[in-house]
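Student: The primary structure of each chain is shown beneath.
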Amino acid sequence: MTNPNGRFGIHGGQYIPETLMNAVIELETAYNHYKNDPDFNAELETLFNEYANRPSRLYYAEKLTKALGGAKIYLKREDLNHTGAHKINNVLGQALLAKKMGKTRLIAETGAGQHGVATATAAALMGMECVVFMGEEDTKRQALNVYRMRLLGAEVIPVTSGTATLKDAVSEAMREWTNRIDDTHYCLGSVMGPHPFPTIVRDFQAVISKEIKQQIMEKEGRLPDVVMACVGGGSNAIGTFYHFIPDESVRLIGCEAAGRGIDTFETAATISTGKLGIFHGMKSYFCQDEYGQIAPVYSISAGLDYPGVGPEHAHLYDIGRAEYVPVTDDEAVNAFEFLSRTEGIIPAIESAHAVAHALKIAPEMDKDKIIVITISGRGDKDCAAIARYRGEDIHE
Amino acid sequence: MSKIRDAFKNGKAFIPFITCGDPDLETTGKIVREMAAAGADLIELGIPFSDPTAEGPVIQGANIRALAGGITTDKIFAFVRELRKDVTVPLVFMTYANVVFSYGIERFVKCCAEAGMDGLILPDVPFEEKDEFAPICKANGIDFISLIAPTSENRVAMIAKEAEGFVYLVSSLGVTGMRAEIRTDLEAITAKIKENTDVPCAIGFGISTPEQAAELAGCADGVIVGSAIVKLIAEHGREAAAPVGAFVRAMKAAVSPTDQ
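Line order of the protein sequences matches chains A and B. Take 33 as the starting number for the first sequence in our numbering and just add one per residue. Take 1365 as the starting number for the second sequence in our numbering and just add one per residue.
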């Protein structure tokens, strides 16, 4: 799907300062070498299985299915991975690659803190230095994850520029990378940024759909009708979609964070409200004003609170292969609570956006249809914030 | 030959950068005229962007102040048209890809030409992506400025060969901002640039004192200073024209002593 210039249709590319060009070229060269290296892949598979607890379960959510009275619902349990989210898949891959490249230091951006925690974890495991950039606003919303990163030996730098959220953390991590390249790998957390990041991150996350396909064939003997996931930058969603892209009978649905609604300015639903632009190294869809100034987006979910979307998603949208739907804060919080009560599974508020859309479509579908929802992470980190959303003043 | 080449005819060039609309366009106009009178050979006008990823805190602050004041691309074009009634010094825009892309690349470049701009610098458009911008600039008589960095190494020749207007040599790793010392072996890079192009080469990023400027002018055709000037504007606000003018005069004297 990627052409040699790192394009997905018209999207993608390498819109970065010249200072970083040789760094991304070096990364691409190393990745092209190691992705076909049996030793690298064996090492990564061992880390996935022995350390990260893969393969993650594909769980038949019988109570949820019965409660909705429609399609049969399976949950892909990325929340059961080590560190509690899909982020570890990408991070183990990139950290191992960085180590092979002779890098000794990882830098990363984080929104909800899940990618930062995963990066800090991999750095601890591999004996690397780690610095995580996190919007100051998010360090408040996700204080527990800040503590986890520090506990794991990482330095967490609160970012105060701009809106002090995920986009500013990405900008600051990019600035730091231009400052120190020799020993440092920028461990980007989503399928975004300049080529080759969208491809590398997608390949490491594609293990999700590879497993789903195998597991659903074992359990049902056929492909699902719908696979769905939440989309911020879009890494768990592209991981969920990837091996199903050629299977045209499978509907691919990405659930974006609509915040207080796509008819308000307090939204982060990029495909619903954004337009084509160039930012953070890539051409894709971005929330922006008429002069190309990037919009201050909003979502209850710090992990989806990003004004852009990965270039491969933008392309899947353009060609009509995947659908992208907006889900509001209210809908996500309802789904967060509903899944907790019906299945005893507390999903990350990010993942709850995908659950919320399933609550809408599953009842409309026949009982012999199959939906797979990726639960990208666990919701423990969100409990205090959701309680506050419901007017209960609890603090971590 | 473009007007930008003329900027390098008065000895070594001094090239100041300011952000349009910081703190307002009226002040920007006064500063531009003052800098031209003080010997600036070429002036970089920044069009603010919400998320300037190649800038350090000083210029980020200028971008925020300008945008908070309601500056837009259209207001800046109108400002330049007004400026060109009496200001003849070569002018280049420095902004980010999305500002140009969202306006429509062709529309933006035509407006540049019509307003009397001479060049365009986009720090987030490297050699690999320049075909989307450079040919449109060329067709409209706008020089699309190429940047070369301390990390460019094997890329220097390729970039220099296609350079237009001038080569912007980035002095140091990292983002814009003042630095106590500059350690890059710039002479080796400028030598390589000169082997591949006769387009002039100016060094920027991190330069803030006449001593630094004089030293770097030794191995290039000009020096570019942004943050040190933007900091003066942040300090003096609407009264910044006089102190900026004095600074530019001192810097021009340092880079090109015989010319003054």
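It is worth saying that the hints were derived from the structure and are not from the lab. Hints should not be assumed to be uniformly reliable.
To be verified - Simulated pairs of lysine-lysine, DSSO-like, Cα-Cα distance not exceeding 27 Å:
id : chain 1 : residue 1 : chain 2 : residue 2
1  : A       : Lys307    : B       : Lys1439
2  : B       : Lys1494   : A       : Lys307
3  : A       : Lys307    : B       : Lys1595
Claimed, not checked - Rough simulated footprint, nothing fancy, chain A against chain B, three-plus residues with beta-carbon under 8 Å:
id : region
4  : 1406 to 1417
5  : 1463 to 1473
6  : 1482 to 1493
All C-beta atoms in this analysis are idealised placements derived from N, C-alpha and C, irrespective of residue type, glycine included.
Student: Mind listing which of the numbered hints don't hold for this structure, in increasing order?
Tutor: Per hint list: single violation, 3.
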